[in-house]
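K.L.:
These are the residues of each chain, in order.
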Amino acid sequence: MKQKLTKWRLFTVVGLMALVLSGCGEPFLSTLIPAGEAGQTAYDLMMLSTWIMVGVVIVVSILFAVAVIKFRRKKGDTSIPKQVEGSHILEIVWTVIPILLLIILAIPTVIATFDLADTKAMDKKNEDGTTDALVINVRANLYWWEFEYPNQKIMTSQDLVVPTDQKVYFNVKASDVKHSFWIPAAGGKIDTNVENVNQIWLEFDNEKAADADNLFYGKCAELCGPSHALMDFKVQALPQDEFDQWVASMQAIDAAAAEAAPTDPTAAAGQEVFNQKCLSCHAVTTADARPEPARTAPNLAGFGDREMVAGILEHNEEELKNWIEDPEQYKPGNKMTGTYGELSDEELDQLAAYLMGLKVEQ
Amino acid sequence: MSTIAHTQKKGFAGTVWEYLTTVDHKKIAILYLLAGGFFFIVGGIEAMMIRIQLAVPNNDFVSAGLFNEIITMHGTTMIFLAAMPLLFAFMNAVMPLQIGARDVAFPFINALGFWLFFFGGLFLNLSWFLGGAPDAGWTSYASLSLASEGHGIDFYALGLQISGFGTLMGGINFLVTIINMRAPGMTYMRMPLFTWTTFVASALILFAFPPLTVGLFMLIFDRMFGSGFFDVSMGGNTIIWEHFFWIFGHPEVYILVLPAFGIFSEIFPTFARKRLFGYSSMVFATVLIGFLGFMVWAHHMFTTGLGPIANAIFAVATMAIAVPTGIKIFNWILTIWGGSIEFTVPMLYAVAFIPSFVMGGVTGVMQAAAPADYQFHDSYFIVAHFHYVIVGGIVLGLLGGAHFYWPLMFGTMLSEKLGKITFVLFLVGFHLTFFIQHFLGLMGMPRRVWTFLEGQGLETGNLISSIGAAFMALGIIVLLVNVVITQKNNVQVGRDPWKDGRTLEWALPSPTPYYNFKQLPLVRGLDAFWIEKLEGKTEMTPAEPIGDIHMPNNSFMPFVISLGLFIAAFGAMYHADEGKGWAIPVLIIGMLITFGAMLYRSIKDDHGYHIHKEELLDDAGKGGTH
Chain G
1 MKQKLTKWRL
11 FTVVGLMALV
21 LSGCGEPFLS
31 TLIPAGEAGQ
41 TAYDLMMLST
51 WIMVGVVIVV
61 SILFAVAVIK
71 FRRKKGDTSI
81 PKQVEGSHIL
91 EIVWTVIPIL
101 LLIILAIPTV
111 IATFDLADTK
121 AMDKKNEDGT
131 TDALVINVRA
141 NLYWWEFEYP
151 NQKIMTSQDL
161 VVPTDQKVYF
171 NVKASDVKHS
181 FWIPAAGGKI
191 DTNVENVNQI
201 WLEFDNEKAA
211 DADNLFYGKC
221 AELCGPSHAL
231 MDFKVQALPQ
241 DEFDQWVASM
251 QAIDAAAAEA
261 APTDPTAAAG
271 QEVFNQKCLS
281 CHAVTTADAR
291 PEPARTAPNL
301 AGFGDREMVA
311 GILEHNEEEL
321 KNWIEDPEQY
331 KPGNKMTGTY
341 GELSDEELDQ
351 LAAYLMGLKV
361 EQ
Chain C
1 MSTIAHTQKK
11 GFAGTVWEYL
21 TTVDHKKIAI
31 LYLLAGGFFF
41 IVGGIEAMMI
51 RIQLAVPNND
61 FVSAGLFNEI
71 ITMHGTTMIF
81 LAAMPLLFAF
91 MNAVMPLQIG
101 ARDVAFPFIN
111 ALGFWLFFFG
121 GLFLNLSWFL
131 GGAPDAGWTS
141 YASLSLASEG
151 HGIDFYALGL
161 QISGFGTLMG
171 GINFLVTIIN
181 MRAPGMTYMR
191 MPLFTWTTFV
201 ASALILFAFP
211 PLTVGLFMLI
221 FDRMFGSGFF
231 DVSMGGNTII
241 WEHFFWIFGH
251 PEVYILVLPA
261 FGIFSEIFPT
271 FARKRLFGYS
281 SMVFATVLIG
291 FLGFMVWAHH
301 MFTTGLGPIA
311 NAIFAVATMA
321 IAVPTGIKIF
331 NWILTIWGGS
341 IEFTVPMLYA
351 VAFIPSFVMG
361 GVTGVMQAAA
371 PADYQFHDSY
381 FIVAHFHYVI
391 VGGIVLGLLG
401 GAHFYWPLMF
411 GTMLSEKLGK
421 ITFVLFLVGF
431 HLTFFIQHFL
441 GLMGMPRRVW
451 TFLEGQGLET
461 GNLISSIGAA
471 FMALGIIVLL
481 VNVVITQKNN
491 VQVGRDPWKD
501 GRTLEWALPS
511 PTPYYNFKQL
521 PLVRGLDAFW
531 IEKLEGKTEM
541 TPAEPIGDIH
551 MPNNSFMPFV
561 ISLGLFIAAF
571 GAMYHADEGK
581 GWAIPVLIIG
591 MLITFGAMLY
601 RSIKDDHGYH
611 IHKEELLDDA
621 GKGGTH
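Line by line, the protein sequences give chains G and C. Mapping to the working numbering: the first sequence position 257 is 257, numbers consecutive. Mapping to the working numbering: the second sequence position 242 is 242, numbers consecutive.
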């Protein structure tokens, strides 16, 4: 038995070593490298609870190991040990100590619960209906994300852009089935329900954002269908001035700018194809006035600047063409497959050239 | 059926018929063990497919849609069709003997409960061959389960509904049995802990299954009959499903884990040769866990958006459950403290259970801290947590219980050598598989993902986890070999095979006579058999003179009633499909079979039969074989 126990411990040690070697995960994804206040609050609570619980595990393990090793039956021992009924003092001890430990954990838990739910700044409306706080409306769809900035009157999808060093407030909901909005490095998740709007705030520290190359990964955390695993999005956390610049250039993509034909002839031909086959679902202006149910596909304004194609593929023309040719192969169950007929290779080239040219003016 | 049938040697067909019609709790226990074991292997194969798919990034071992079907069926099968029936097997096999009863209170309903469970499980698994399994997760959250195409979710809702009826009947039956049929002197505070945990788990079943039944009916009506309970466009609300599911689902965890606690509470004293430490506080903790289990369901919904007040209340309530659970852990440790520990296979499982389960328990408390849970929720951290609880608590309990009670159920002893091999493989594999998953979750891996992309730091952990799963599978294969060898050799081990049996079930001759106790035993305290043995006796003191024993007749009706519902379910499921005009008649025929069988049962008088005193005296010399 002793041998077995050591063997078992060896495995644990090997497992722990593997963890240490792999670190705490990647700074753009890991909850263990929090990127801002909301993530830090969750992290602090995680660490507090972990240390309390590691303490509990150690105490129990020592007691247990001593009991198991010390009271092994000797060979041929037929004696009957003393039959102990119990002990009131011990029962009280191991009732009271856990209660004290739980109180130590419960108080910060309750405080943090209320802190993280404090979205009062979203309700402070100015006369024109805007808020001083940055509010972003998140709409989750089978398998893409829409981000609307109501104050700035711009809209984007798949790539969320946020300023650093300030609280960003989110209204989240789903338009088909339930999803869950999660940027692990920035903080906890919130479900996007189909019947109500949930609110949450997150914050991105400028320095922490720089460690992650200003780019975080976002995930869908609630099973939503075959491509649930691929419903990723990206978060660009920019310093305030760069964010303001981005907003201004996005606002510049109005109807006139979007309709102007690109100078490149291939891209211009691509625009034609796009207008015929894609425009009924995909908007290319940032101020999409259509109601939500009509916005059935990601807004593609500024697509050329994005980080990934469809949230999962490398951002280049080759992958973009692969995606348009057969989306089903990359995101099974998506709603785009089969809605635009067959495209010739030439049309694919033209479309890719057009889409990659959709950049905000720098 | 006369008593002669029991004394004759039967052919294969006779044995099958005997099991199809039996109302004997010991045989129903074997049926539960076989069916539960079968589904456990099915669920295990599904688990292996999950781990193969996730062993490396961007794997295409299974497709995305199929993966969702596999995870859904893995969870549903393991909880409803493996863990529940396997525990029911031990409850049936052990509990009536532990309280000195001749059978459960309603033997007919006991058989009905089994067949309902079996046909429900069969129906659910037929989905694999009839157009696809359910794919919305074992929680089957309403927006996704309504959107899911095909009949997968219909199989889920109807199959669980049928097997749920069976479980509910089983629970009520155990409650009535424990309240009414304890042997003379078996007061509540002398009941063995396994009986106590069966009692509390049955009470939980009584209160927890109705919400599931209601929720499933709503889902069935939404999907098959055009209602809109969860359809937002018709004014429905999907959050209601989450509440219904978790008001059932959280107590379900305790329905499973309490009987496992009970099994360990029997194993520890037996192999430490020392009475359970703090018996009354163990009972108190069991009842308290059962009670608090109903107060905490919303901790599964911290991220649903219930608001900070609800989240804070449920967070603190959840933390409170740690206290009675802690009481249990320390009492177990103090039970072996000062004892004389013999490391048999059941004891190895019990010993391994303590650290394994504590690790699952403490991560549960960590998740009770709501703001931290915003990070843990729906990530691999929670996958690790509940597998530590379910495998580290319940499955270790089932494996330990199987080795411990095998002699009681079959009269033979599983090989200790092979048992130890299984134990080492399974335990090592278990920790290897799930420990690393805590960190995968913290590193940002959501649960229920079909694949993961390269470059996110998740490769190593997933590979380690998959290797661990292979160890667990090997362990189970060795166990199956063990079972086959043991039953083939068929070496009967006789009464009290572990030598240190403390409770009434070990006082019976082996194999147990079909009427259990010839004379009801007189219980003189906790660990009734141990008390007698200390005084040098080998049997219990009888509480009554030898007299005729009233026995129930076998019946085929439980099978027929369940079969009717099984048939009707196909009709309900297909009636809305184009060109399936046969569906409504099938629904009606199925219901007619069920109600017809119930009517037949109600009208026909069946008074059972008596075993006469003379036969019992006759049996005495032969050790009660049949």
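Worth flagging that the hints you see were computed from the coordinates, not collected in a lab. The beta carbon of each residue, even a glycine, is placed where N, CA and C say it ideally should be. Do not rely on the hints blindly, as some may be mistaken.
[What the hints assert, rightly or not] Some but not every residue of chain C turned toward chain G, in silico, with C-beta under 7 Å:
#: 1; residue: F330
#: 2; residue: A372
#: 3; residue: G444
#: 4; residue: E614
[Unchecked claim] Dumping the calculated BS3-like pairs for lysine-lysine here, alpha-carbon to alpha-carbon at most 30 Å:
#: 5; chain 1: G; residue 1: K359; chain 2: G; residue 2: K153
#: 6; chain 1: C; residue 1: K26; chain 2: C; residue 2: K580
#: 7; chain 1: G; residue 1: K277; chain 2: G; residue 2: K125
#: 8; chain 1: C; residue 1: K27; chain 2: C; residue 2: K580
#: 9; chain 1: C; residue 1: K27; chain 2: C; residue 2: K613
#: 10; chain 1: C; residue 1: K537; chain 2: G; residue 2: K75
#: 11; chain 1: C; residue 1: K420; chain 2: G; residue 2: K70
#: 12; chain 1: G; residue 1: K75; chain 2: C; residue 2: K26
#: 13; chain 1: C; residue 1: K604; chain 2: C; residue 2: K580
#: 14; chain 1: C; residue 1: K10; chain 2: C; residue 2: K580
#: 15; chain 1: C; residue 1: K420; chain 2: G; residue 2: K74
#: 16; chain 1: G; residue 1: K234; chain 2: G; residue 2: K335
#: 17; chain 1: G; residue 1: K74; chain 2: C; residue 2: K499
#: 18; chain 1: C; residue 1: K499; chain 2: G; residue 2: K75
#: 19; chain 1: C; residue 1: K533; chain 2: C; residue 2: K26
#: 20; chain 1: G; residue 1: K277; chain 2: G; residue 2: K153
#: 21; chain 1: C; residue 1: K488; chain 2: G; residue 2: K70
#: 22; chain 1: C; residue 1: K604; chain 2: G; residue 2: K82
#: 23; chain 1: G; residue 1: K167; chain 2: G; residue 2: K277
#: 24; chain 1: G; residue 1: K82; chain 2: C; residue 2: K613
#: 25; chain 1: G; residue 1: K74; chain 2: C; residue 2: K604
#: 26; chain 1: G; residue 1: K82; chain 2: C; residue 2: K10
#: 27; chain 1: C; residue 1: K26; chain 2: C; residue 2: K10
#: 28; chain 1: C; residue 1: K580; chain 2: G; residue 2: K335
#: 29; chain 1: C; residue 1: K533; chain 2: C; residue 2: K417
#: 30; chain 1: C; residue 1: K26; chain 2: G; residue 2: K70
#: 31; chain 1: C; residue 1: K10; chain 2: C; residue 2: K488
#: 32; chain 1: G; residue 1: K335; chain 2: G; residue 2: K277
#: 33; chain 1: G; residue 1: K120; chain 2: G; residue 2: K234
#: 34; chain 1: C; residue 1: K26; chain 2: C; residue 2: K499
#: 35; chain 1: C; residue 1: K580; chain 2: G; residue 2: K74
#: 36; chain 1: C; residue 1: K417; chain 2: G; residue 2: K75
#: 37; chain 1: G; residue 1: K277; chain 2: G; residue 2: K124
#: 38; chain 1: C; residue 1: K10; chain 2: C; residue 2: K533
#: 39; chain 1: G; residue 1: K75; chain 2: C; residue 2: K420
#: 40; chain 1: C; residue 1: K10; chain 2: G; residue 2: K74
K.L.:
Indicate, hint by hint, whether the structure satisfies it.
P.N.:
Each hint, compared with the structure:
1. F330: 4 Å, holds
2. A372: 4 Å, holds
3. G444: This interface hint holds because 4 Å falls under the 7 Å limit.
4. E614: For E614(C), the interface hint is violated, since the closest Cβ of chain G sits about 40 Å away, which is over 7 Å.
5. K359(G) - K153(G): Holds: K359(G) and K153(G) sit about 18 Å apart, inside 30 Å.
6. K26(C) - K580(C): 43 Å, violated
7. K277(G) - K125(G): Given pair K277(G), K125(G) is violated - Cα atoms ~40 Å apart, limit 30 Å.
8. K27(C) - K580(C): 40 Å, violated
9. K27(C) - K613(C): 24 Å, holds
10. K537(C) - K75(G): 25 Å, holds
11. K420(C) - K70(G): 21 Å, holds
12. K75(G) - K26(C): 35 Å, violated
13. K604(C) - K580(C): Given pair K604(C), K580(C) is violated - Cα atoms ~37 Å apart, limit 30 Å.
14. K10(C) - K580(C): The hint is violated at about 44 Å.
15. K420(C) - K74(G): Holds - the C-alpha atoms of K74(G) and K420(C) are around 19 Å apart, at most 30 Å.
16. K234(G) - K335(G): 21 Å, holds
17. K74(G) - K499(C): 16 Å, holds
18. K499(C) - K75(G): Within the cut-off at roughly 15 Å; holds.
19. K533(C) - K26(C): 25 Å, holds
20. K277(G) - K153(G): Holds, because 26 Å separates the two Cα atoms, which is no more than 30 Å.
21. K488(C) - K70(G): 38 Å, violated
22. K604(C) - K82(G): 57 Å, violated
23. K167(G) - K277(G): At roughly 40 Å apart (the allowed maximum being 30 Å), K277(G) and K167(G) break the hint.
24. K82(G) - K613(C): Judged against 30 Å, a Cα distance of about 42 Å means the pair is violated.
25. K74(G) - K604(C): 61 Å, violated
26. K82(G) - K10(C): This hinted pair is violated, its Cα atoms lying about 49 Å apart.
27. K26(C) - K10(C): Distance ~18 Å between K26(C) and K10(C) Cα, so the pair holds.
28. K580(C) - K335(G): Given pair K580(C), K335(G) holds - Cα atoms ~29 Å apart, limit 30 Å.
29. K533(C) - K417(C): 29 Å, holds
30. K26(C) - K70(G): Not OK: K26(C) and K70(G) at ~39 Å, beyond 30 Å, violated.
31. K10(C) - K488(C): The given pair, whose Cα atoms are some 18 Å apart, holds under the 30 Å limit.
32. K335(G) - K277(G): 15 Å, holds
33. K120(G) - K234(G): Since the Cα atoms of K120(G) and K234(G) sit roughly 27 Å apart, the hinted pair holds (cutoff 30 Å).
34. K26(C) - K499(C): Satisfied, since the Cα-Cα distance of roughly 22 Å is no more than 30 Å.
35. K580(C) - K74(G): 71 Å, violated
36. K417(C) - K75(G): OK: K417(C) and K75(G) at ~18 Å, within 30 Å.
37. K277(G) - K124(G): 42 Å, violated
38. K10(C) - K533(C): 36 Å, violated
39. K75(G) - K420(C): Judged against 30 Å, a Cα distance of about 19 Å means the pair holds.
40. K10(C) - K74(G): The given pair, whose Cα atoms are some 46 Å apart, is violated under the 30 Å limit.
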